[in-house]
Amino acid sequence: MTPDHAALQLWPVAASASAVEADELILAFTVLTLVLTVPVFIAITWFALRYREGSEADRSPSGIRSNLIEISWMLIPFLLTLVFFVWGARLFVDSKNPPPDAMVVEVIGRQWMWKFQHPTGQSEINNLHLPIGQPIKLRIISQDVIHALYLPAVRMQVAALPDRYTEMWFKADKVGTFHLYCSEYCGSDHSVMGGKLTLMNPGDYQDWLVHAGAQQGVVAAGRALYEAYGCASCHEPGSPVKAPSLAGLYGSRVALADGRNVVADDEWLRQKILNPNGDKLAGGGKQVMPSFAGRIPEDELNKIVDFIKAYPRPGQSAEATR
Amino acid sequence: MSASGTIEGAAHREPHAPEATIGRKPDYLHAESTLRSWFFTTDHKRIALLYLASITGFFVIGALAAGVVRLALVVPNGAIMTNDTYNKAFTIHGVVMVWFFLIPSIPATFGNFLIPLMIGAKDLAFPKLNLTSWYVFMTGALFTLVSVVLGGVDTGWTFYAPLSTAFSNTWVLPALIGVTIVGFSSILTGLNFVVTIHTMRAPGMTWFKLPIFVWTHYATSLIFLLATPVITTALILLIAERAFHVGVFDPAYGGDPVLFQHLFWFYSHPAVYIMVLPGMGVISEIVPAFARKKLFGYRFVAYASIGLASVTFFVWGHHMFINGQSDLASLVFSALSFAVAVPSAVKVYNWTATIHKGSLRLDTPMLYAMGYIGLFVLGGLTGLYLATLAINQHIHATYFVVAHFHYIMVGGTVLAFLGGLHFWWPKFTGRMYSEPWGRVSAILIFLGFNVTFFPQFILGYLGMPRRYATYPPEFQLLNVLSSAGATILAAGYIFPMLYLVYSLWFGRKAPANPWDAKGLEWETSSPPPTLNFVSPPEVPRIPYDYPIQATESKDQHR
Amino acid sequence: MSEGLAKGVGVARAHHFESVAQQREATTLGIWAWLITELLLFSALFLVALILRIQHPEATVAAARHLKFWIGAANTVVLICSSLTMSMAIEFSRMGWQRAMVRAMLATAALGTLFLVLKGYEYYADWDEHMMPFLSSRPFALEETPAARLFVNLYYVATMLHAVHLFTGITLLLGMTWMAAKAGFLSRHQNWIEIYGLYWHFIDLVWILAFPILYVVNRGT
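So the sequence lines, in the order shown, correspond to chains P, R and S.
Take -2 as the starting number for the first sequence in this note's numbering and just add one per residue.
Take 4 as the starting number for the second sequence in this note's numbering and just add one per residue.
Take -19 as the starting number for the third sequence in this note's numbering and just add one per residue.
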């Protein structure tokens, strides 16, 4: 929750199970920090008092083998901290592997606003509404400089890069309104590039979708772009240029001229549109498609990729995409 | 701390008391007094003072910019200045403090002055090159100051592409050129130190008789030599990108903006140790001198310096955990970053063990050293928080990072710089500073520092991103506290500037060895003669030959 | 190093060194340290070139086909010859043959200049073929493959940085030749020739690395 008064707040609200785990990790680490530092602080203060010049303290050599001491204070703190490396790494790996049923929200950063697009096509600027209890995957890209989407309530941030997708996923479990920031410095209005993350019950979210965005569906928007950019004139069945069919392409394995097989996922499709000369296809067809790098804005490119994703498999009705 | 003031003011005072002055020539400050003799000097001690005067100037500029930043953050809504002004202020603060104060601070001043003295040499190996490096440094500084005067830069000191290459409308090019040029000055200084330490040691001064100060400067110089060229290349490409749209970092042509971050941090993470290691050297000199005790674990501390300098080349990726780096790379960089804890722990525990059963005098340099140890421990361990992947995802690019590196850079390097400045002030100038004022300032700085930066750890964990001109109102209380601490810190900085300059004219004359410290630099007069030693110095049997010996391997016992 | 020197050839000790041997040791270590930093400077550029090659193989090959392979190859030979004449200059300096040394140094400078002239002609040919994508007024010949631009521009950054080093080298060499022609030079500063020789060989080495990395490996598919 974001309190709007100036009260002293000492712990941020955690809105997901993984956020609670991150909090436990940092609390445990803080305990270790105290264990490692407090003795040093006490020792320095105590020695400074006890062994000050002229005091009657015992200064005879203590006779401890120094190599043993050296090795123990090299290794013991290191091994203790390594526990936290392992713990942190485990949480990190979890945070990088979204479940397959995650709901995908497209995120586009640009100076100085965020654009979010829900799977049902509704989009919103700077604010993000999401349901709780459901894994959410944010697929993030930037249109200009490097940004970073930061959601403190779920203890996550990921950079928005201009040339490739990045991902963040979480499963929120707390209803409320939280901060949403850009955390990678991006120019003049960096500090106002953000808004509110609103987490809602699934039913409320459905209501919100109905009321907030009665815009056109994203796949239909993608189809319009597919035609507007001239993709259709080669890739539609029956066109004079025998361009590869897009039907059922998404998620299938594609054989390349160099013998490799790749899965046609979002990233690969995106790269192939931007740079058709890369990853030459098997089958010996001449590559004539022009590059679209710099010609299609990111949000439109996303819609085109979404359209390809939904492109009917052979035999299905083409109406499905209309 | 103006260098020319030193000579003019000191010129009319009487010659030194005739302790060991048979056939004595005037000391280096009085050898000649023309402006030319300062600006074209090849004496490492005078060049050190040229550097001291210049970096003090940059410290003031950087501190003023920090003041502007803290002023802006007193209110959450950015009512005091525009976002652009704020962005320029923190960029100037970062660029000036990192490139023009912290990196040259201890090496170019104390290192320049003390390395030849400590190893018993007459000068650095390449005196003219040493002077050249100061001119190169000032040329770079001039470019950067031009960009500030013309209207400033707003990219942050990290100059990330493509913001710095294609999107910023400020004076990025002169600032970039300035920083590139300053890199060459670092390379020349590092080269001079490496060659000097290898070839100019007095007869009998073997590697394991060298003070830790020399060891840490050797490690620092290796980083200067091996890492600086890479940032030079990265900056040359960035300049070419901004001026001619080369495209290497530009996604529009298939370039890779993250590549710049790799090249940048390949230098800039080792650069952290350029800033930290010399400070560790200073502390390793001060602690034994004021505990009257041999440094505990000398060899371990020496090896730890080289260890830090080595491991630092393999951890740059921990700056990019959230920047689309592969997960495997992140895991490896995270694990390697934890290894930095080992040599750091060696240093801290050995200093503490040196104090144990010592005979302590809590003079100003020792107060700074004890403050250093405490703050460095906190700064170092919070670094491990940031290296922990799951925590990093939350506090990366928040005020937690700001607090962490200020604990290392200010709590570490600046306190070591001030401690060393007080410790060797008698040697540099031949005058004693005011001890009561020194202690008051040291305590003020310690308190002011903690009030300024500790709240920033909390702000960071609460989720306040860094480089924010405006922020949500619930963070105001901690920000006001931080700004209040900054004013205490500012007072703590102003006092030393006043009483140290005062001491140049009115301070008590310093004896050759006011602290009864060990090390060859204390064997010669204060200030030393132009060629450092009147007669060749006698190298002691063991380093840190203080009255109280730590229990180490038996052969080093008295 | 001093054993191979003829009579009357040597080094005058500077005031802050204890002995000539120490001075020689320091200057040799110094130039090697400098060359290592210089090598790292270029290595970072070459590394970027190889990354480009991996990220955009086809565009890089398309761009590299426009490089003037034979000019690059000729320049490699020119620089290897110049290293030879520089080595001869060093050998003459050790033997105390001052006139021969000066002539060898002039020959080295001439070969270095020939390299720059050939390089300048190559740049002109590139300009003529619209292979200067950083010029906004002149359309790039490979406009349809944007990534080709990266490689071509990087080629200019790398070769120009090398040309700046070579130009500096020729200037220093001519200045030193002027001093070295005076009587008594070899008895005081023979080591300057040795140290400078290392720098010249280094410039040669950088080109010997640049030529395969830029011209050769990208020629095939």
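Everything labelled a hint here was simulated from the structure, so no lab data went into it.
Keep in mind that a hint or two might mislead.
[Said to hold, decoys possible] Pairs of lysine-lysine residues, derived as DSBU-like cross-links and limited to a Cα-Cα distance of at most 35 angstroms, are as follows:
1. K193(P) <-> K134(P)
2. K171(P) <-> K283(P)
3. K(-13)(S) <-> K131(R)
4. K193(P) <-> K168(P)
5. K277(P) <-> K306(P)
6. K112(P) <-> K93(P)
7. K112(P) <-> K277(P)
8. K283(P) <-> K(-13)(S)
9. K48(S) <-> K277(P)
10. K171(P) <-> K193(P)
11. K(-13)(S) <-> K162(S)
12. K131(R) <-> K48(S)
For each hint, the structure was consulted:
| no. | hint | in the structure |
| --- | --- | --- |
| 1 | K193(P) <-> K134(P) | holds, 17 angstroms |
| 2 | K171(P) <-> K283(P) | violated, 54 angstroms |
| 3 | K(-13)(S) <-> K131(R) | holds, 29 angstroms |
| 4 | K193(P) <-> K168(P) | holds, 17 angstroms |
| 5 | K277(P) <-> K306(P) | holds, 21 angstroms |
| 6 | K112(P) <-> K93(P) | holds, 22 angstroms |
| 7 | K112(P) <-> K277(P) | holds, 33 angstroms |
| 8 | K283(P) <-> K(-13)(S) | violated, 74 angstroms |
| 9 | K48(S) <-> K277(P) | holds, 28 angstroms |
| 10 | K171(P) <-> K193(P) | holds, 14 angstroms |
| 11 | K(-13)(S) <-> K162(S) | holds, 17 angstroms |
| 12 | K131(R) <-> K48(S) | violated, 42 angstroms |
Checked against the numbered hints above, the structure violates hints 2, 8 and 12; every other hint is satisfied.
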